[in-house]
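S.K.: Protein chains in written order, with this note's numbering: chain A, 258 to 344; chain D, 112 to 524.
No lab work stands behind these hints: they were computed from the structure.
From a predicted model like this one, the values you see are computed outputs, not experimental measurements.
Take the hints with a grain of salt, since some may be wrong.
[Stated by the list, open to error] So the derived list for chain D, only partly shown, Cβ under 7 Å to chain A, looks like this:
id, residue
1, ILE363
2, LEU406
3, PHE508
4, GLU512
Where is the CB? At the ideal position from N, CA and C, for every residue including glycine.
Chain residues, written in single-letter form:
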Amino acid sequence: MKLLDCPINGTRPISEFVFGGEFRTMPDPGQCSDKAWADYVYNRNGAPGVKMEWWLHSPSGTWFIAERNTLTDEVLRSFLPGKEVAE
Amino acid sequence: MPHRLLRFAFSKEHKEPAFFEQPACLKPSYDAVIIGGGGHGLAAAYYLAKDHGMTNIAVLEKGYLGGGNTGRNTTIVRSNYLTPEGVKFYDASVKLFQDLSEDLDINLFYSERGHFTLAHTESAMRTMRWRAEVNKHVGVESCVVGHEEITKACPQLDISCSGKAPIIGALYHAPGSIVRHDAVAWGYARGAKNLGVDIFQSTEVNGIDVKANKVVGVQTSRGYIATNQVLSAVAGFTPRICKMVDLPTPIIIQPLQACVTEPMKPWLDHILVSGSLHVYVSQSSRGELVMGAALDPYEMHSTRSSLEFVEGLSSHILDMFPFLSNVKIVRQWAGMADMTPDFAPIMGKTPIEGFYLDAGWGTWGFKATPISGKSMAATIANDRAPDLIHSFRLSRFEEFELTGEKGAASVGH
Chain A
258 MKLLDCPING TRPISEFVFG GEFRTMPDPG QCSDKAWADY VYNRNGAPGV
308 KMEWWLHSPS GTWFIAERNT LTDEVLRSFL PGKEVAE
Chain D
112 MPHRLLRFAF SKEHKEPAFF EQPACLKPSY DAVIIGGGGH GLAAAYYLAK
162 DHGMTNIAVL EKGYLGGGNT GRNTTIVRSN YLTPEGVKFY DASVKLFQDL
212 SEDLDINLFY SERGHFTLAH TESAMRTMRW RAEVNKHVGV ESCVVGHEEI
262 TKACPQLDIS CSGKAPIIGA LYHAPGSIVR HDAVAWGYAR GAKNLGVDIF
312 QSTEVNGIDV KANKVVGVQT SRGYIATNQV LSAVAGFTPR ICKMVDLPTP
362 IIIQPLQACV TEPMKPWLDH ILVSGSLHVY VSQSSRGELV MGAALDPYEM
412 HSTRSSLEFV EGLSSHILDM FPFLSNVKIV RQWAGMADMT PDFAPIMGKT
462 PIEGFYLDAG WGTWGFKATP ISGKSMAATI ANDRAPDLIH SFRLSRFEEF
512 ELTGEKGAAS VGH
C-alpha cells in the first residue's frame, strides 16, 4: 500500500496517514468486569485477515475507517465513522 | 576440477556429516512438541534434553531452520534494559552467550564490541542515567559517558549529526556484542539432535487439539502427533497459533526492516544506536555495515521491503557518517515482529493446560535466545515458570502489572 483514500481529501500518499488500530466497541467501564475491561484495553485480534481500522489523515486531522486486508495490505474501502457505505 | 579431488568428493570413506539429519517420519506421539525451528524453539529443545533429560521431543518448522526472525535481526546482544526484571533476564542471556561457542562446539563469531546508545536531548540523557543506575544496581556494566568519550571511541562519527541533532552523551554498555545469528540456530539444532531430539523442517502445524482445556495433540502437514505439551515459539506467527487454541493475546504484528551495505575494511569497532535518528548500526565480521531502524508504522503480516525504509535510514546514517555517501546497500529484508503493549515478552504457562507460550519478542528477541530456551525448557519440564520470567507471564495484562521496557527499546518505535 502506497496510497490511501481519505473520504474527505481523496487519494493521498501513505506517508500522510497515521494508523490508529483496529475499530472496536468499548464496553461500558461502569458495568463490565475487570477481566472484560482488561481484555478490551490490551487484547487484540492479531491474526491476519480483513479488518476495520482507524486511520488519521494527519494534515487535515480527518479520522476515518478503512477496511484492509492485513495479509495482502489491500484496502477494500474507506469511509467516515457513522457513514458506512452500503456495498 | 582435478581428478583426485573429484574422486574424494564421491568417496564414501570421507562422508561429510550432515549438520542435522531429519528422521524419515514423525513418531505417533512425543512428550513435547515445539512449534518453530528458530533460535528460541531449538534452544528450548536443546535445554529440555540437556538440563532435564527430556529427549522424546519434536521441533516442527514450517520453513527452514533459523529462517524467521532468528535470521532477520541485526545480531546485537546486550543487557542494558530499563526494568530490574528485564536487566536480570537479559544479563543471564549475555552470560550464556559468552560460553555458547564452546558449549555448542560451533564458532558463533561472538564479538564483544561495546554498545553506545546515543542521546541527542536532555530527556534522552535522563533515560540513559536511569538505565545506567538500574544496570549498575543489578551488576551489569553500563555507564553514562559524555561526547568526548564517544569521539575518542568512534572518531569517524559526526558528533553534531550534520548540525541537526548534536550528540550530548551516551549510555555505554561494554558487554554489548554481535554474534553470527544463523549459527546460533544451527548450533542449537545440532546439539538438540545429538541428544535425541527430532527436528522436522518444511512441516506446518495446521491445528492443535484441546480437550477439556488440555492439549492432546497437534495436526501437522506430515500427520498427527499425540502430545500433552506444546510450546509455541513462532514470533510473527504467534496470533495464528493462538487462534488455533482460542487464546486471546495483546500481540499485533508489524514488519521490522533491516539492510546491509557492501563489505568494507574494518573501521567501526562499536555498536551505535540512536533513538532520535531511529538507527542502529554495527560492522559485521565480513565488513558489511548491518543497519536497522524503527518498525513499519502499521500492522501487516508480510516480509516485503520498502524504499521508504532504505531512504529514511540512509539519510540518518549519512547524518552520522557523511563519508558513507558512496557506499552501496546490497541487501534489505524484513521480519514480522510480534509487538506487545509494554515492549516485554510473553513467556510461560497459559490458561490452557500444556500450552506454553514463548512470544511477544517484537524487536528484542534474538539477544534472549539462550535464556528464553533455558527458561521455557524449565517451564515445560516442571510445568511451572521459573521466577526469572515471572514478570513476563501472559496474565500480567489482566492483572494490570505490566513490565514497561519501551524506554530500553533500541529506537523509539
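S.K.: If you check each hint against the structure, which ones fail?
M.R.: The structure conflicts with hints 2 and 4, although it agrees with all the remaining ones.
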